[in-house]
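*Asks:* Can you build the whole structure from these sequences, using the hints too?
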Amino acid sequence: MKVVVIGGGWAGCAAAIQAKKCGADVVLIERTDMLLGLGNVGGIMRNNGRFTAAEELIELGADDLFRIIDKCTRHRNVEFPGHKHAYLYDVTIIEANVRRFLLDMGIKILFETRAVDVDVDNNHINAIYLHNGDKVEGDVYIETTGSTGPMGNCIRYGKGCSMCILRCPAYGPRISISQRAGIEDILGMRDDGVFGAMSGSCKLDKSSLSEDIRNELDSKGVYIIDVPKEDINTEKLKMKVCQQYALKEFAEKIILLDTGHAKLMTSYYPLEKLRKIKGFENARFIDPYAGGKANSIRYLSMAPRDDTMKVIGLDNLFVGGEKSGLFVGHTEAIVTGTLAGYNAVRHVIGLKCIELPSSLAVGDIIKFENESKKKKDGLRKRYTFAGAEYFERMKSLNLYTVDVDEIKRRVRKLLLNDMFKEKLI
Amino acid sequence: MYKFVECIDAGSEYCPCHLAEKGQCIICSQLQNKVFCDCLYWKGTCIYHELLNNGNKAKKPRQYRKFDITKIDKIRDDLYLYEIKVTNYLLRELDNYGAYVFLKKPNAPDYFSTPLSIMDVDYDKLTIKILIKVHGVKTKDIIECNDKIMVKGPYWNGIQGQRFLRNLINKDVLIIGRGVAAAPGVLGSRKLNINNNNVYVMLDPGKSIQNACTEYYLKYKAEVENLSIIDYKSKKITEAFKLRINELLATKDIQVILVAGDDEFNRKIINYIYRIKKDMYFASVNNSIMCCGEGICGSCQIELSGKYIRSCKQQYNPLEYYLVEDDLE
Chain R
1 MKVVVIGGGW AGCAAAIQAK KCGADVVLIE RTDMLLGLGN VGGIMRNNGR FTAAEELIEL
61 GADDLFRIID KCTRHRNVEF PGHKHAYLYD VTIIEANVRR FLLDMGIKIL FETRAVDVDV
121 DNNHINAIYL HNGDKVEGDV YIETTGSTGP MGNCIRYGKG CSMCILRCPA YGPRISISQR
181 AGIEDILGMR DDGVFGAMSG SCKLDKSSLS EDIRNELDSK GVYIIDVPKE DINTEKLKMK
241 VCQQYALKEF AEKIILLDTG HAKLMTSYYP LEKLRKIKGF ENARFIDPYA GGKANSIRYL
301 SMAPRDDTMK VIGLDNLFVG GEKSGLFVGH TEAIVTGTLA GYNAVRHVIG LKCIELPSSL
361 AVGDIIKFEN ESKKKKDGLR KRYTFAGAEY FERMKSLNLY TVDVDEIKRR VRKLLLNDMF
421 KEKLI
Chain G
1 MYKFVECIDA GSEYCPCHLA EKGQCIICSQ LQNKVFCDCL YWKGTCIYHE LLNNGNKAKK
61 PRQYRKFDIT KIDKIRDDLY LYEIKVTNYL LRELDNYGAY VFLKKPNAPD YFSTPLSIMD
121 VDYDKLTIKI LIKVHGVKTK DIIECNDKIM VKGPYWNGIQ GQRFLRNLIN KDVLIIGRGV
181 AAAPGVLGSR KLNINNNNVY VMLDPGKSIQ NACTEYYLKY KAEVENLSII DYKSKKITEA
241 FKLRINELLA TKDIQVILVA GDDEFNRKII NYIYRIKKDM YFASVNNSIM CCGEGICGSC
301 QIELSGKYIR SCKQQYNPLE YYLVEDDLE
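Top line first, the protein sequences correspond to chains R and G. Its first residue numbered 1, the first sequence is counted upward by one per residue in the UniProt record's numbering. Its first residue numbered 1, the second sequence is counted upward by one per residue in the UniProt record's numbering.
Everything labelled a hint here was simulated from the structure, so no lab data went into it. Among the hints, erroneous ones may be present.
Calculated Cβ distances over 12 Å to all of chain R for the following chain G residues [to be verified]: (1) Val5; (2) Gln63; (3) Gln210.
Using C-beta positions, here's what the derived DEER-type ranges look like [stated by the list, open to error]: (4) Lys278/R with Tyr89/G: 48 to 58 Å; (5) Phe111/R with Ser208/G: 47 to 57 Å; (6) Lys421/R with Asp279/G: 36 to 46 Å; (7) Asp104/R with Cys297/G: 57 to 67 Å; (8) Lys71/G with Lys135/R: 46 to 56 Å; (9) Asp121/R with Asp253/G: 25 to 35 Å; (10) Asp121/R with Glu325/G: 13 to 23 Å; (11) Asp73/G with Gly182/R: 28 to 38 Å; (12) Glu137/R with Tyr111/G: 48 to 58 Å.
Where is the CB? At the ideal position from N, CA and C, for every residue including glycine.
*Replies:* Laid out in structure tokens, this is it:
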């Protein structure tokens, strides 16, 4: 039995690993020369409710990626405004580690290969067409192509291509597979009512910063300094994808996190203004390359799905990550991707697809996002364990905890511990 | 069957064109009055971005320029070989699969514009060679040119299915041509030869004893044989050709065939070979009538799976265009 995963970001990697663990043959199609997509410039794990979600998933048996991430972690228990116990992984080494793991598992990865169309019959996908006209056939497909870019969307809904890590000009644009299969995409909105949202952070080359800043980043993982009063721009917050980082503090202060590069917690920052700040005189952007101007635009390509992650209206397409909803973050991608991978296999062998229980944060967020999206203003919100509305919900439902034993107890009570380790075929 | 959508001009210095400006871009969904990206074919540039950067205006289209005719060979009463000296830039741009230009007599009105394929290029002499068969009023007008001629170019859509030819290296490739339509195949064999491919050529001489392109194919180290391929009285593929093609397909590892004849020839050959070898890729010469070459006038419009396309700009899969359900034999 063959599972075809389209898109090699965190969600796609999680889906591929899970399908492989269930016993399927897995092919992963990746447009660029690297896995992880935006995971190559992210780096924040386990902040706020993400801690709970990560430990839940580990106890459920989907621990593989978290083990790799922990191994590549530079800083543990970092605090910055609105966020507690964040772990910061090293974005400069994470991809090679994840890639080795997938290849060692026997997952076939087609790099620099772009899925461009589908062969679909009666709501059933027969094959995926690649950019060169080749066909990839499978029994079931998982789309984790994300929702970022391509260039035209960044132009129409943002400030143009900012040359982000996705490198559309070099590798070609993302294509919405579900849309090509006849299922119309859902579009997210931002506060000002415009479609799409802008990625919320950029990266500075750490060696372009002053020695003091570098030392503080290396030792503490975080560096905070006030934005000059005349340069405070709270309007920028409305455009942001990451509502958990759209607090007032993020407009009034420059917050740097050490993820190997210096992660600047704002969508973009004009270079001239940035260089006026002490210690930033030589600063330069490393992602996006035009971080002084803009950042990538996201959430323009979500497929309608049920809570098992199957696309509504298609027989054999599952989704994970941003493709599956207004989720923000690596942890959220791994959660949704893992469930998509698991259910894809169950679906083909004739078992009923499962939903994760809402007594766990990882199950609750999937259902909550789906319900909220249908409500007025639901498309303006983002759903993450790390903040905004969903973290408040986690707290009010007592889902949030950093007590690992308690998390284990919750999963075991449901008799679901190590469920993702089960071989199904 | 996989349907590729490709605009030959996308990403070139002539893109975005008037189609993009008017919301009828072949490739870009944002320029088809939609509001999201669903890019049909990526050539390394975002057409939407290019249009905005160009002030929402099409790039300047190709213009006629006057060039010197350096040589005219009269091969037959109705067949001429013109050699024209062009600029280095135009020569370089015309050294591509499917390259063609529009020709007309100086001072002739624009409706005398005739599309003609480039058969050969010469970098030392900066000349292009064009085989002209006199058909009607436009070609009759052109052969009145003796020293100066108007040339508009470069255009590239003279061969369809170019994607199957472009990346071939160290492969066996077959060209099957008839008459003057075999001329664009010469430039193709030049490119194939540069990439170290073995090129086999089967030429139907048409009305001549030997196809006029023969010596040019030989120049690019192709193995050429002249034989009757289609008997135009009975409208059937000849037994001699059937024998040879079956032999060739059995002994060589041919995965791509360029078919270079008129539409009837192309259809017969493609259908015959497809039924022998279903995984064969085909390229073909583009026989559409062209007047402007810019996707505007509509004379080159053809129907492809129920949709109309402008074949002067848009690439198609020749198999999709020529394959018919009935066995033509």
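*Asks:* Work down the list of hints and note, for each, if the structure agrees.
*Replies:* Each hint tested on the structure:
1. Its beta-carbon lying about 9 Å from the closest one in chain R, Val5/G breaks the requirement of being farther than 12 Å from that chain.
2. For Gln63/G, the condition that its CB be more than 12 Å from all CB atoms of chain R holds, with the nearest at approximately 29 Å.
3. Distance check for Gln210/G against chain R: the nearest CB is about 36 Å away, which clears 12 Å, and the non-interface claim stands.
4. Checked against the given bound of 48 to 58 Å, the beta carbons of Lys278/R and Tyr89/G, roughly 52 Å apart, stay inside it.
5. Our hint of 47 to 57 Å for Phe111/R and Ser208/G holds, since their Cβ atoms are close to 51 Å apart.
6. For Lys421/R and Asp279/G, the hinted distance range of 36 to 46 Å is satisfied, since their beta carbons lie about 42 Å from each other.
7. Range check, Asp104/R to Cys297/G: Cβ separation about 59 Å, and the 57 to 67 Å hint holds.
8. Between Lys71/G and Lys135/R, the C-beta spacing of about 49 Å keeps the proposed range 46 to 56 Å intact.
9. Range check, Asp121/R to Asp253/G: about 33 Å between beta-carbon atoms, so the 25 to 35 Å window is met.
10. Hint check: Asp121/R to Glu325/G, Cβ distance near 19 Å, so the stated range 13 to 23 Å holds.
11. Distance hint check: the CB atoms of Asp73/G and Gly182/R are about 56 Å apart, inconsistent with the given range 28 to 38 Å.
12. In this structure the hint that Glu137/R and Tyr111/G lie 48 to 58 Å apart at CB holds, the actual value being about 50 Å.
Against the hints set out earlier in the document, violations occur for numbers 1, 11.
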